[in-house]
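Undergrad: Chain by chain, the residues run as shown.
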Amino acid sequence: MDDDEDFVLDNEAEEIKRLQLPEEEKKPIDPEEADERIARIEFNCSGCEMHEMVHYFGRKPPFALGVEYPEDNYVMRDPFQPPPPRWQTQPEYYITLGTKCSTCSKSVCKDPGCSFYYTASFCLPCGKEELKNWPVEAQARIRKQLSASQGKKN
Amino acid sequence: MSRKSKTTDWYASTGHRTQLNLIEFSFLDRKAELSGLLQAKSRQAGRSLVENEADFWKFVAKYEHMMLSTGRPMLPHRLAEAELTSVHPYHRSKHLALRLDADELLQEADNEMQAQFRHLLLVYLDFRQAEKFQRIRKLRQSQRNLPIARFRQDLREALDTSRVVIVAGDTGCGKSTQVPQFLYDFGYRSIACTQPRRLACVSLCKRVAHELLDDYGSRVAFQIRFERSRTQLTNIIFITEGLLLRQLAVAANLDQYDALILDEIHERNLFGDFLLGVTKCLLRARPQLKLILMSATINVELFHGYFREEGARLVQVPGRLFPIKLRYLPPPALELKAGQATAESKRFKGTRIDPAPFVQVLSLIDQQYPTTERGDVLIFVSGVNEIESVVEAVQEYATEQTHWLVLPLHSGQAMAEQGKVFDYAPEGMRKCIVSTNIAETSLTVDGVRFVVDSGKVKEMSYDAICKGQRLKEFWVSKSSADQRKGRAGRTGPGVCFRLYTAEQFNAFEAYPTPEIYRVPLDTMLLQMVSMGLPDVRAFPFIEAPETERIEQTILALKQHSALSVEEKITPLGSSLANLPVELSIGKMLLMGCVFPEVEQLLTLAAMLSVQNPLTNRAHTDQRCVRERESLESDQGDIFTLVRLYREWVQLKMRRDGTRQWCRRLGIEEQRFYEVTKLRQQFQRILEGCGMVVASGSDSQLTSAERATRHGELRHLKAMKRRQRFEQPRQRKLLKHSAGRAAEDEEERDEPQGDDMRDVDFRLRFDPRQLSLLERSARLDRHRDVVLMKLLLGCGFYPQLAISDEFNYCKGGGQQFFHTRLKPFLLQHPNSHFAKHFELLKLADSDLLPKPDFYTPKQPLSERHQLLCYQSLLETAKPYLINCIRLPAAQTLLLFSFAIDTNAGITQIVCDGWLGLDLPTPGSGMELLSRAIELRRRWSRLLYAKLDDLNSKQEAPSHSSDDRSSTLWHDLVDYMALDVAYTIRRLLPADIKRLYSHQAPSTRLTELKENPFAVDYPMTPNEEKGGLNVSEHVVYSCLAEQQWTLAMDAALRAEPWKCTRCDLELEEFDVLEQLVHRPKCKGRKAQGQKSKPTSAETSTEAPTSSRSHSSGGYYCDTCNRELKLSKIDILRHKKQCRNNK
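As you go down the protein sequences, you meet chains A and B in turn.
Heads up: the first sequence at position 78 corresponds to 78 in full-length UniProt numbering, and the numbers run straight through without jumps.
Heads up: the second sequence at position 755 corresponds to 755 in full-length UniProt numbering, and the numbers run straight through without jumps.
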């Protein structure tokens, strides 16, 4: 941690000197490239405008403690928790934003207005097609979501 | 009862005996047994799967309750992994898109109950995922809903086609938070965004980091005076305008940034205007740089026109305002209930505002809007005193109408106090915020429905003629009035009550006066020159200040030797531009650097540079006054403050709490922390440029101390880390106590929390450094005080004031003082000298009998004093702020820009406004000669230092230490010279016949050597007459007076004998004496006794031997060999003696 940086008293002249270092010199050792803490995977929902960078796509994020996903998910490190020390995990340090629709493979976010999960993820349009094969309880649930999202759009 | 029987039926009908029935069972009863199931396998013990176990158990309780109340007490059977993928039959678990990873769990679930619990855990985790997902989604939604969001594309196109884009949008349109993020999205990776206020830098940084989901990262950072959070990963930085200007001064082209955002430029403060001009120039030097200017929709055409030739594009963002009903209610239009609420406040002076109209509006609101309709009130008044009167009146009103909660709001408040205005009022109650114009644009309080506008504002203006500031009440501008109005329509339709008429409004100025017209320009102009601007008059000001003021400022800079005659920056000037303080304080610091010890000076200068640490309460609350009494210094308020600071450091040394103590004495503790930081900053800057020798290297901690310190540091760092990850203060529900929102409670709570400022402080200072700091605030010894006062005088010159000649027969309230440019000023009522005005008077015993030939009426004394002040401030009356008292003649002769004398040096006129008469033979000559000699030595030392820096010599000459310490002693001796004189202000009529205008006599022109300053070539002064004998002195240019002629005649009758050698003159002749002075053997011998190395050596090239000044010293009291400077040796001796 850069604790010491934190309470160093400001000395502008020195600071500026530091800032003046030629840019090129820093590049070869770029620590960013290797840093798994930086989100590099783009996630775009096909159902809404959601657009985020995430850290992981798959079933078992290395930073998720004790859980895994039944299908590939777009997962980010929990931005609302202080980060754990590097290489360590911590409880609930993950948020899944979405997955791919099991039918059409489009990326879709976890919002009830965009996707539905019953045994697998479906984007709402695919879910609408699929629902006739489902038990009535599941149908009732997705219909509720469909009409709610319809209502929102109008 | 019926439900129970129904559920038992259902229970009986199902075949599974193992099913759990929540009617007879609860997980909550098995917490101890089950909590092991929440654990993950981990190297660290007790690693839970849930972030917050308490929250989890709450969820369990709710879940059980929900199952029961929906008639499903039987927990359904669980499915095997394989079953989860088949569509039929329906099971709720098939909606769970998350699995537990059995390999990572600490325990296996070995029975149904445990397995069900595990399942419940999964339900919880899934629920939490949905919750966190929604949090992000909501955040994005609120961003998308900002008015600016629809202009993202416009901004992008504008940036593609132009290098300058102006974004104009009202507060609340989201420009400050979103535009930096847009730029980041467009691919800019080094974005600087300036803010006028430090607080805004910090809060915007936090907000933008949050929106970039980087609360705990450093992509977004801030940089303010004493703090910065930037790292190598930083892409967006919020920085104060002043700091960016400093960066510009050092790295002229700001190459580190690819996009520059100047926010709030409509405020038109000094730095903002300065930045506009500088960036206009910068665009030429940096073709790649993009410049974005952001402003409220105020006078946008001005900015657009200013950047027209750069092809500025304008993006206008409509605000999000609800309709606001406007009502003009000038006070007579309100039915005044006579005397209500005002009778009470009569004990205050008549100048205070009448709070009745404000109360009337509140009662109007009460009549017309039911309290069931939410909505708070925001009252705008002009200043803190006005806030107090209104708050008081509203509180009284609130004793009847108890749904009112009154909150004052102004910039002088502590942060925690200010934060309260953001808290919620309880249901059915209304907040009534009484504010200065701080809530106009800079602070946004949501939930305001009613605005009450007094139409007044207090504004500082600057009088360039007398160099004083004036705080006066004015009508606001139209644009300010509209900003105030707009505050009512941020969360819903609102009402604005204007306590003036529509006609009055129409007569208002269109815009507020830009700050550049209201403040001194010296610091800014100096900075411009030091940035390399060849001619400040050609600077592309957006609105230029009056030419005359620029000229006056340049003249003042020349007088202070910051600029040369050709208006080039001098070494002193560029050093001054490096120091982030007012010029006077900067000068004081630099002049002090020639002395061997600067510790005390640093503390004093830092204290002068912060806002007054004493709060209003410190003077109104008698308890505070009593507590402070014993620490008051009769040398001036600044010395009292340094004493208080020393007490404070001593408390820190004993690890006592300082917060309580500060509150008891009425001190705003934050200021003392600032003093400490500023002092360190001064030290770094001065050490960095070689003006002072780095200190502290010789004070190492012992190993035991180091160990203790190590432990302490670990503890402190842990506290700091904890605080860093703590959640920020949340909006709370306000508590209600008799109209005023409860405040005592929070104050009482406070000390229990960690005081982060204290933690930071202790991290920075080990015990050794603390004792250094404490010593630097020790100003007990007479010579320390004298030196500090001299340096103050040197920095603040020509800010001097003289007592009115009739003060001796008047009381406290009528003690008047005059400066050169402004007569009849008063001591600020809170100052020590206002209460103890006798300190500034001559006592009867100070008056000396006059010689017969001396006829003028003025009192003759050795004890005349002058006041040296930090600033002039005119509020109700014109006041002198932060005065010290100094011996008059000595001070004047040391610092005056122009000193004129008659041939006998019995009359001296300083800067053409103060006349000294010295009717004692020889005393004028003695005083003046010594002053000239000291002054030249001092400036030689300073310039030797500055030249060293400029030629970048390594190892600044230490040998000067010796000379500087003798200079110090000689200065102290000089200040204590007993010389009898009279002092008076010269009137215009006096000045007319002041000078002889005669060419120097032949005796003078034939002088072989300058008797005042050997190496200064004497030239006749064409204008006044007489001879220029040093940089500042014209000898023999004053016309003789009746009494001087009489004195000469009386003396000439007697022979004269030198008191120091055996020289005798047949008659008393001043010129002969002058010529004799530098040659006198007796004087030389005596001089050498007091100063081992004579002053003349200062002209020699400095050598770098330090051996004799820092050689070992053996103390025979404590039997130790010590390496100490001379002063420390003396100090050590004294301490040893005391210890014995």
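Treat the hints with care, since some could be wrong.
To be verified - Only pairs whose alpha carbons sit at most 30 Å apart, straight line, appear in this in silico DSBU-like list of lysine-lysine: (1) A:K60 <-> B:K58; (2) B:K58 <-> B:K138; (3) A:K60 <-> A:K106; (4) B:K717 <-> B:K822; (5) B:K717 <-> B:K850; (6) A:K144 <-> B:K992; (7) B:K822 <-> B:K472; (8) B:K58 <-> A:K144; (9) A:K128 <-> B:K138; (10) B:K810 <-> B:K850; (11) B:K558 <-> B:K992; (12) A:K144 <-> B:K138; (13) B:K41 <-> B:K456; (14) B:K467 <-> B:K841; (15) A:K100 <-> A:K144; (16) B:K31 <-> B:K41; (17) A:K60 <-> B:K138; (18) B:K822 <-> B:K835; (19) A:K60 <-> B:K41; (20) B:K677 <-> B:K735; (21) B:K138 <-> B:K732; (22) B:K857 <-> B:K717; (23) A:K106 <-> A:K128; (24) B:K735 <-> B:K717; (25) A:K106 <-> B:K138; (26) B:K1084 <-> B:K1008; (27) B:K138 <-> A:K100.
Stated by the list, open to error - With the Cβ distance kept under 10 Å, some of the chain A side facing chain B (calculated, not the full set): (28) D35; (29) E36; (30) A39; (31) Q90; (32) C104; (33) S105; (34) E129; (35) R141; (36) S149.
If you're looking for bench data, these hints aren't it; they were derived computationally from the structure.
Just so it is clear, the structure is predicted and the values come from calculations on it, not from any experiment.
Beta carbons are placed, not taken as given, at the ideal position from N, Cα and C, and that holds for glycine.
Undergrad: Would you mind marking each hint as holding or not holding in the structure?
TA: The hints, checked one at a time:
1. Simply put, K60 of chain A and K58 of chain B have alpha-carbon atoms about 28 Å apart, close enough for the 30 Å limit, and the pair holds.
2. In summary, the hint linking K58 of chain B to K138 of chain B is supported, as the alpha carbons are separated by about 24 Å, within the 30 Å threshold.
3. Pair hint K60 of chain A plus K106 of chain A holds up; C-alpha atoms about 20 Å apart against a cutoff of 30 Å.
4. Among the hinted pairs, K717 of chain B with K822 of chain B is inconsistent with the structure: their alpha-carbon atoms are about 54 Å apart, more than 30 Å.
5. For the suggested pair K717 of chain B and K850 of chain B, the alpha carbons sit about 70 Å apart, so the restraint of at most 30 Å is broken.
6. For the given pair, K144 of chain A sits about 98 Å from K992 of chain B by alpha-carbon distance, which is inconsistent with the 30 Å threshold.
7. Of the pairs offered as hints, the one joining K822 of chain B and K472 of chain B holds, with about 18 Å between alpha carbons and a cut-off of 30 Å not exceeded.
8. Proposed proximity of K58 of chain B and K144 of chain A is supported: the alpha carbons are some 28 Å apart, at most 30 Å.
9. Distance restraint check for K128 of chain A and K138 of chain B: the Cα-Cα separation of roughly 26 Å lies within the 30 Å cut-off, and the hinted pair is therefore satisfied.
10. This hinted pair checks out: K810 of chain B and K850 of chain B have alpha carbons roughly 24 Å apart, not beyond 30 Å.
11. With a C-alpha separation of about 26 Å, the suggested pair K558 of chain B and K992 of chain B falls inside the 30 Å cut-off, and the hint holds.
12. Annotation: proposed proximity of K144 of chain A to K138 of chain B holds, straight-line Cα distance about 21 Å (limit 30 Å).
13. For the hint linking K41 of chain B to K456 of chain B, the alpha-carbon distance of about 67 Å lies beyond 30 Å, and the restraint is violated.
14. A distance of roughly 26 Å separates the Cα atoms of K467 of chain B and K841 of chain B; the hinted pair therefore holds under the 30 Å criterion.
15. For the given pair, K100 of chain A sits about 22 Å from K144 of chain A by alpha-carbon distance, which is consistent with the 30 Å threshold.
16. At most 30 Å may separate the alpha-carbon atoms for a hinted pair to count; K31 of chain B and K41 of chain B meet this at roughly 19 Å.
17. The suggested pairing of K60 of chain A with K138 of chain B holds, with an alpha-carbon distance near 26 Å, which does not exceed 30 Å.
18. Restraint check: the Cα-Cα separation between K822 of chain B and K835 of chain B comes to about 23 Å, which is no more than 30 Å; the hinted pair holds.
19. A distance of roughly 16 Å separates the Cα atoms of K60 of chain A and K41 of chain B; the hinted pair therefore holds under the 30 Å criterion.
20. At most 30 Å may separate the alpha-carbon atoms for a hinted pair to count; K677 of chain B and K735 of chain B exceed this at roughly 36 Å.
21. Distance hint between K138 of chain B and K732 of chain B is fulfilled; the C-alpha atoms sit about 21 Å from each other, no more than 30 Å.
22. Under the criterion of a C-alpha separation no larger than 30 Å, the hint pairing K857 of chain B with K717 of chain B is inconsistent with the structure, at around 69 Å.
23. For the hint pairing K106 of chain A with K128 of chain A, the CA-to-CA distance comes to about 15 Å; that is within 30 Å, so the pair holds.
24. The suggested pairing of K735 of chain B with K717 of chain B is violated, with an alpha-carbon distance near 34 Å, which exceeds 30 Å.
25. For the given pair, K106 of chain A sits about 23 Å from K138 of chain B by alpha-carbon distance, which is consistent with the 30 Å threshold.
26. The hinted pair formed by K1084 of chain B and K1008 of chain B meets the criterion: a straight-line CA distance of about 20 Å does not exceed 30 Å.
27. Among the hinted pairs, K138 of chain B with K100 of chain A is consistent with the structure: their alpha-carbon atoms are about 22 Å apart, no more than 30 Å.
28. Among the interface hints, the one on D35 of chain A holds; its C-beta lies about 9 Å from the nearest C-beta in chain B, closer than the 10 Å criterion.
29. The beta carbon of E36 of chain A is not positioned within 10 Å of any beta carbon in chain B (closest approach about 13 Å), and the interface hint is therefore violated.
30. Annotation: interface hint on A39 of chain A holds; nearest CB of chain B at approximately 8 Å, less than 10 Å.
31. Restraint check, Q90 of chain A versus chain B: the minimum CB separation of about 8 Å is within 10 Å; hint holds.
32. Because the beta carbon of C104 of chain A sits about 17 Å from the nearest beta carbon in chain B, more than 10 Å, this interface hint is broken.
33. Against a cut-off of 10 Å between C-beta atoms, the interface hint on S105 of chain A is violated, since the closest Cβ of chain B lies about 16 Å away.
34. Against a cut-off of 10 Å between C-beta atoms, the interface hint on E129 of chain A is violated, since the closest Cβ of chain B lies about 14 Å away.
35. Evaluation of the R141 of chain A hint against chain B yields a held restraint, the C-beta minimum of about 8 Å falling below 10 Å.
36. For S149 of chain A, the interface hint is violated, the least distance from its beta-carbon to any beta-carbon of chain B being 13 Å, above 10 Å.
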